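From first to last, the protein sequence lines are chains L and V.
Numbering of the first sequence is given in this note's numbering, commencing with residue 80 and proceeding in unit increments.
Numbering of the second sequence is given in this note's numbering, commencing with residue 4 and proceeding in unit increments.
These aren't lab readings, by the way, just hints derived from the structure by calculation.
Remember, predicted model here, so these are calculated numbers, not experimental data.
Glycine included, each C-beta is placed from N, C-alpha and C at the ideal position.
Worth double-checking, as some hints may not be accurate.
[As the list claims (entries may be wrong)] Incomplete in silico selection of chain L near chain V, CB under 10 Å:
| id | residue |
| --- | --- |
| 1 | Gly178 |
| 2 | Glu183 |
| 3 | Glu187 |
| 4 | Thr194 |
| 5 | Ala260 |
| 6 | Glu326 |
| 7 | Arg379 |
| 8 | Gly413 |
| 9 | Asn421 |
| 10 | Lys423 |
| 11 | Thr513 |
| 12 | Val514 |
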Amino acid sequence: MALRDVWRSPVFQWMVRPWVTFRDRFLIKLPQRIPLAAFLAILGPGMVAANAGNDAGGIATYASVGASYGYEMLWMLALSTVSLIVVQEMCARMGAVTGKGLSELIREQFGPRWTVFAMLTLLVANGLTTISEFAGVAASFELVGISRYITVPISALIIWSLVTQGSYVKVERVFLVMTLAFFAYPISAVLAHPDWGEVVRSTLIPSFQMNTEFIFLFVATIGTTITPYMQVFVQSSVVEKGITVREYRYERAEVILGSVFSNLVALFIIVSTAATLYVNHITINTAADAAIALEPLAGRFAGLLFGVGLLGASMLAAGVLPLATAFSITEAFGWEKGVSLNPKEAPAFYYLFTALIVIGAAVTLVPNLPLIQLLLVVQVVNGLLLPALLVFIVQLASDRSVMGNYRNGFGFNVLAWGTVIVVGGLAILLILATVVAPMLGWSPSG
Amino acid sequence: MVSSTTRGGATVLYYLSEVIGARVKSPAAAPLGTLRDLVVQVGAEPFPRVKGFLVIVGGITAPVYVAWDAVDRFSNRELLLSTSRLDLRSFERRDGEVLLAKDILDKQIVDVAGRRVVRVNDAQLAQYQRVLRLVAADVSTAGFLARVLPRWVIDNRLQRELISWSQVEFFASEVPQVKLTIPHNKIARLHPADIAELVQELAYPQASEVLASLEDDVAADTVEELEPSLSTAIISSLPPEDAADILDEMDPDDAADLLGELPVDQVQGLLKEMGADEAAQVQQLLTYPEDSAGGMMTTDFVAFPEQLTVHQALSRLRRRAELPDQIWYLYVLDREPNGRLVGVASLRDLVTSPPESLIKDIMTRDIFRAQASDPAEEVARTIAHYNLLAMPVVDDADHLLGVVTVDDAIDVILPEEWQRRLPKLFR
């Protein structure tokens with residue numbers, strides 16, 4: 080099964096090596112028989128999920144945040160890091176305690192009607208995110224002038240056949256190496272000489288603007304930092320790896336590290352775009368604009384570097400996302416699933432998987448569709464749907480009959496429900512500002 | 004409307020989805036509340052008997068308990084009670100009591116006859132005379148839809164798929180609030196390879212529950228067939244003494260592979276609980292790197308000194324309490340104990356030779372041997388190339404350390420999918 084192999088691939092293991100050293104302090108090694116595989120097995124899932132957050136939509140959102148508001152919105156990245164840790168920790172803990180996926184738990188505890196609701200939410204969120212990954216593919220090739228009408232259908236076909244043949248894992252390493260291009264952001268940020276004092280100040284002190292664009296970007300940032308599918312993914316991966324409550328303390332450390340790490344990369348994306356684009360009053364309309372942020376490091380190769388990273392991240396998620404979605408949904412309804420079965424044995428699984436890829440690719444091909452705006456809108460929809468899934472997650476994680484002694488404590492629940500309320504409140508605020516306010520003839524300044 | 008006033012032998016069948024939400028009425032037909040759940044007693048009978056109902060009474064949030072005896076007429080639309088007095092204290096479960104809707108619906112069960120893990124979408128109840136029983140689990144999509152869509156949309160037009168409750172195993176670990184003893188003897192009758200296939204689809208708490216209920220040797224055979232991620236999860240979640248019993252029964256090399264995946268503090272705890280012999284063997288094996296001949300070998304083998312006669316060797320074999328899974332090759336040492344490996348005799352050689360002949364006269368002296376540090380893949384390829392059933396592993400002084408058998412060699416060479424199609428050679 081290809082999903083499981085994602086976190087087994089050597090490149091992931093290589094990427095997480097720094098954390099292995101960290102992990103070494105927690106475990107004493109057995110003589111000679113180095114349980115490196117064991118470390119990585121426990122260490123992998125959170126890192127994968129964390130890094131997957133910085134996909135095409137993530138890059139576009141963080142770059143837009145930096146280009147439109149400079150350092151001003153950094154504080155919400157810090158805030159959403161805390162929320163991300165809280166949410167991922169709950170999902171990882173549920174996986175370790177119950178050995179079950181999120182959709183299975185929703186089915187077992189809330190019954191069929193709520194399951195249908197939750198799965199529709201997940202389907203919409205993941206379906207749109209799949210579209211955004213193909214938009215990322217299109218945007219990256221358009222940087223070098225190749226039309227999306229050639230690249231998107233071909234890449235969709237490649238992903239579909241690789242995953243269904245079970246050989247996605249072999250190619251995936253290539254995509255993973257490509258995403259290393261994003262490590263150019265921290266270097267580029269330093270070379271752009273940002274005002275570090277301002278960076279620190281904006282990260283710690285909140286400021287808010289009551290206009291539609293600001294709220295829009297706020298919701299997009301949350302939607303891309305705490306992506307609905309990532310939470311499902313981290314829980315399934317903990318289950319697949321056979322992590323039990325006894326090993327859970329390592330998993331918790333990893334969730335925290337992974338969340339901090341992925342959002343640190345996000346911070347550098349914002350800082351480097353702020354120091355290059357915002358100061359020159361350039362807003363992001365195309366991928367070429369976003370690539371300018373890498374110019375301090377890569378000069379005239381900035382576009383190429385950005386394109387390589389974007390393509391890697393997009394292809395990676397475009398394969399994993401439809402697969403994980405098809406898994407979750409068939410699991411919730413108790414249908415046959417997995418690429419080890421053939422389409423006759425697992426029809427629903429294959430229909431879902433194929434439909435997600437076909438629709439994802441087809442929408443990207445709508446003529447004159449502005450790709451960057453599409454990426455942002457998808458993150459906003461993710462942000463709007465997130466509260467619905469969070470309510471399930473927090474309730475399950477606090478349920479004594481599910482979690483026993485590992486259920487949320489009071490203090491933890493304050494944080495968890497706080498996240499739900501803030502995210503939900505922002506979603507309502509955005510709907511008010513974009514839908515209700517114009518109908519009342521009131522236009523928020525912006 | 005289906006009525007419960009059945010004469011003679013008529014049995015009335017209901018779906019749980021129809022029954023939930025039925026109106027509960029007093030003898031004078033005054034509405035008292037709605038039916039929330041059914042309480043059954045599990046463990047005693049193959050088709051559990053309904054003991055009572057949970058009823059939501061207007062104005063009270065917690066459901067109240069109504070015993071089956073207090074029900075005069077039962078149907079899928081309404082429950083006519085023989086008394087209008089209800090005990091309004093909130094319901095507390097007793098041991099062995101399971102709530103049909105809360106604990107069984109939507110949970111995974113094992114369909115033992117079909118050898119598969121399925122999710123319960125609906126359940127079927129049968130009323131015969133004055134007794135209502137749970138008789139079948141419905142695993143069809145129709146059963147699921149019946150609970151999502153309004154009743155008139157479905158209206159029993161779709162085909163249901165029912166599994167007799169006598170063919171079902173469900174899990175006490177799904178109902179942690181009460182103490183349940185479920186023997187799982189239906190699963191225990193299956194072949195370990197089939198048990199492993201079923202267990203593989205379960206979450207680890209339920210998988211552990213199944214394994215804990217099996218005999219240690221069956222559990223050990225089952226664990227050996229599981230994917231490493233699940234077998235480590237099971238071993239680490241079982242009580243250490245139970246886990247150690249299973250590890251004792253496993254092939255030492257498989258036990259070592261499994262322990263190699265666990266954190267050190269757990270491994271030490273388990274080794275302490277294991278039998279001294281088994282623990283020593285496993286500990287020895289744990290010192291070799293995983294991808295070496297040492298990491299692949301088993302310490303479970305048969306060796307004789309070369310001075311023995313065939314007769315003596317055979318009677319030694321007979322007297323040994325436990326023989327390894329495969330004994331085609333019997334290793335020959337120059338002396339006992341701590342002898343050097345000088346040859347190998349096959350079981351065929353032993354059986355076909357005169358009883359008084361000496362082992363050293365019938366053995367083969369020219370044999371393939373591996374060093375403990377040799378790469379696993381190289382050893383596996385040698386075994387495959389020369390069609391060996393096993394290959395001895397020795398140290399620098401030619402002392403026999405262990406044996407790499409062909410089944411472990413296959414694991415190294417062949418990808419996973421191929422392995423599944425191969426028949427188990429030695430089990």
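Verification of the supplied hints:
1. The interface hint given for L/Gly178 is met, as the beta carbon of that residue sits about 3 Å from the closest beta carbon of chain V, less than 10 Å.
2. Satisfaction of the interface hint for L/Glu183 is found here, the shortest Cβ-Cβ separation to chain V being roughly 8 Å, below the 10 Å cut-off.
3. With a cut of 10 Å, the hint placing L/Glu187 at the interface with chain V holds, because the nearest CB-to-CB distance is about 5 Å.
4. Because the beta carbon of L/Thr194 sits about 8 Å from the nearest beta carbon in chain V, less than 10 Å, this interface hint is met.
5. Using the Cβ-Cβ criterion of 10 Å, the hint placing L/Ala260 at the interface with chain V is not satisfied: the shortest such distance is roughly 32 Å.
6. Hint on L/Glu326 holds. Least Cβ distance to chain V is approximately 6 Å, under the 10 Å limit.
7. For L/Arg379, the interface hint is violated, the least distance from its beta-carbon to any beta-carbon of chain V being 45 Å, above 10 Å.
8. Taking 10 Å as the C-beta contact cut-off toward chain V, the hint placing L/Gly413 at the interface holds, the least distance being around 3 Å.
9. For L/Asn421, the shortest C-beta to C-beta distance to chain V is roughly 13 Å, which exceeds 10 Å, and the interface hint is violated.
10. Among the interface hints, the one on L/Lys423 is violated; its C-beta lies about 17 Å from the nearest C-beta in chain V, farther than the 10 Å criterion.
11. Checking L/Thr513 against chain V: minimum C-beta separation of about 32 Å lies over 10 Å; hint violated.
12. A least Cβ separation of about 30 Å between L/Val514 and chain V goes past the 10 Å threshold, and the interface hint is therefore violated.
Of the numbered hints given earlier, the model fails hints 5, 7, 9, 10, 11, 12; all others are met.
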